[in-house]
Amino acid sequence: MLNINNLCYKNILHDISFSVPDGSFTVIAGRNGSGKSCLLRCIKGLYRHTGTIEMKGTSALVFQDADTQIIGQTVSKDLGFGLRVPALEAADRIRETAAEFSLTDLLDRRPSTLSGGEKRRLAIADAAITNPDILMLDEPFANLDYPGIQSVVLLLQRMKSQGRTIIMVSHEVEKILALADRIVIIDSGRIVMEGPADQVFLKADWQASGIRVSGKREDMLWL
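Using the working numbering, read the sequence shown as starting at 470 and increasing by one per residue.
Hints were generated in silico from the structure; no laboratory data involved.
Some clues are possibly wrong.
Unchecked claim - Heads up, simulated BS3-like pairs for lysine-lysine below, C-alpha to C-alpha not over 30 Å straight-line: (1) Lys644 to Lys685; (2) Lys672 to Lys629; (3) Lys672 to Lys685; (4) Lys685 to Lys525; (5) Lys525 to Lys479.
Stated by the list, open to error - Estimated spans, in silico, between C-beta atoms of each pair: (6) Asp614 to Val554: 31 to 39 Å; (7) Cys477 to Ala556: 40 to 48 Å; (8) Gly684 to Gln619: 17 to 25 Å; (9) Arg627 to Tyr516: 50 to 58 Å; (10) Gln542 to Asp614: 34 to 42 Å; (11) Ala560 to Arg627: 20 to 28 Å; (12) Arg681 to Ala556: 45 to 53 Å; (13) Ala560 to Cys477: 38 to 46 Å; (14) Glu558 to Lys672: 43 to 51 Å.
All C-beta atoms, glycine included, are put in the ideal place defined by N, C-alpha and C.
When you get a sec, could you build the whole thing from the sequences and use the hints?
Encoded structure:
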């Protein structure tokens, strides 16, 4: 469980309060510049803020630009970089994670040779391999083509089915909203609405918040 109470950050975030239940998929939606990415960084502890954040367990953050967190000379070395376990266990974890994230055939490749979608899968795998209690993703569809988006959506769908707690920031909610259990809408650094996905989807003024949606929520999944 994650509980955020009265969080403020500079002049960017104002009195942010909401909760994320264990095993839920929460989408934080809002136009560009609304403060979504800053919020994730506050949750992760990268920015000093006021207010309180109560988190059970560990968290991992996947940044918007995958290149900023991919540092290994090969995909295999990149996956193993953050592991603090014995060598044999690390090898097993790398092999299992590579299989889960469709990276097995890429283990010996240099990350610089990967496509955008492959880099994004690797960045998510880098975070997931440590088995965090909460996985946070910042605009995971940014700069991806349609096949790349599909691969990430399938990945998120599978992780949700495994019961992972996921928080995802996006202004492109049409690609993923069908998976959401909860929605938090932010505009100008303030929460406009938050709650169960079905209720927020029907009641929110999406256009006023600068977010494009159309059709039924259950159809909003790019597969």
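Review point. Cβ-Cβ distance between Gly684 and Gln619: within 17 to 25 Å?
Key: Hint holds: Cβ distance 18 Å, inside 17 to 25 Å.
Practice item. Would you check the hint for Lys525 and Lys479, treating anything up to 30 Å between C-alpha atoms as holding? Key: 26 Å, holds
Practice item. Below or equal to 30 Å on CA atoms is what counts here, so check Lys685 against Lys525. Key: Given that 30 Å is the threshold and the Cα spacing comes to 34 Å, the pair is violated.
Check your understanding: Between Gln542 and Asp614, is the Cβ distance one that fits in 34 to 42 Å?
Key -> Given a distance of about 26 Å, which is not inside 34 to 42 Å, the answer is violated.
**Study point:** Holds or violated: Lys644 to Lys685, with C-alpha atoms at most 30 Å apart
**Key:** 12 Å, holds
Practice item. State, for the Cβ atoms of Arg681 and Ala556, whether the hinted interval 45 to 53 Å holds or is violated. Key: Taking Cβ atoms as reference, Arg681 and Ala556 lie about 48 Å apart, which means the hint holds.
Review point. Within a Cα-Cα threshold of 30 Å, do Lys672 and Lys629 meet the stated pairing?
Key: 25 Å, holds
Practice item. Take a look at whether the Cβ-Cβ distance between Ala560 and Arg627 falls inside 20 to 28 Å. Key: 23 Å, holds
Point to revise | Hint check for Val554 and Asp614 - Cβ pair distance inside 31 to 39 Å | key: 35 Å, holds
Exercise for review: State, for the Cβ atoms of Cys477 and Ala556, whether the hinted interval 40 to 48 Å holds or is violated.
Suggested key: Cβ of Cys477 to Cβ of Ala556: about 45 Å, so the range 40 to 48 Å holds.
Practice item. Just tell me: holds or violated, for the beta carbon distance of Ala560 and Cys477 against 38 to 46 Å? Key: With a Cβ separation near 45 Å, Ala560 and Cys477 satisfy 38 to 46 Å, so the hint holds.
Check your understanding: Holds or violated: are the alpha carbons of Lys672 and Lys685 at most 30 Å from each other?
Key -> 13 Å, holds
The structure is inconsistent with the numbered hints 4, 9, 10, although it conforms to all the rest.
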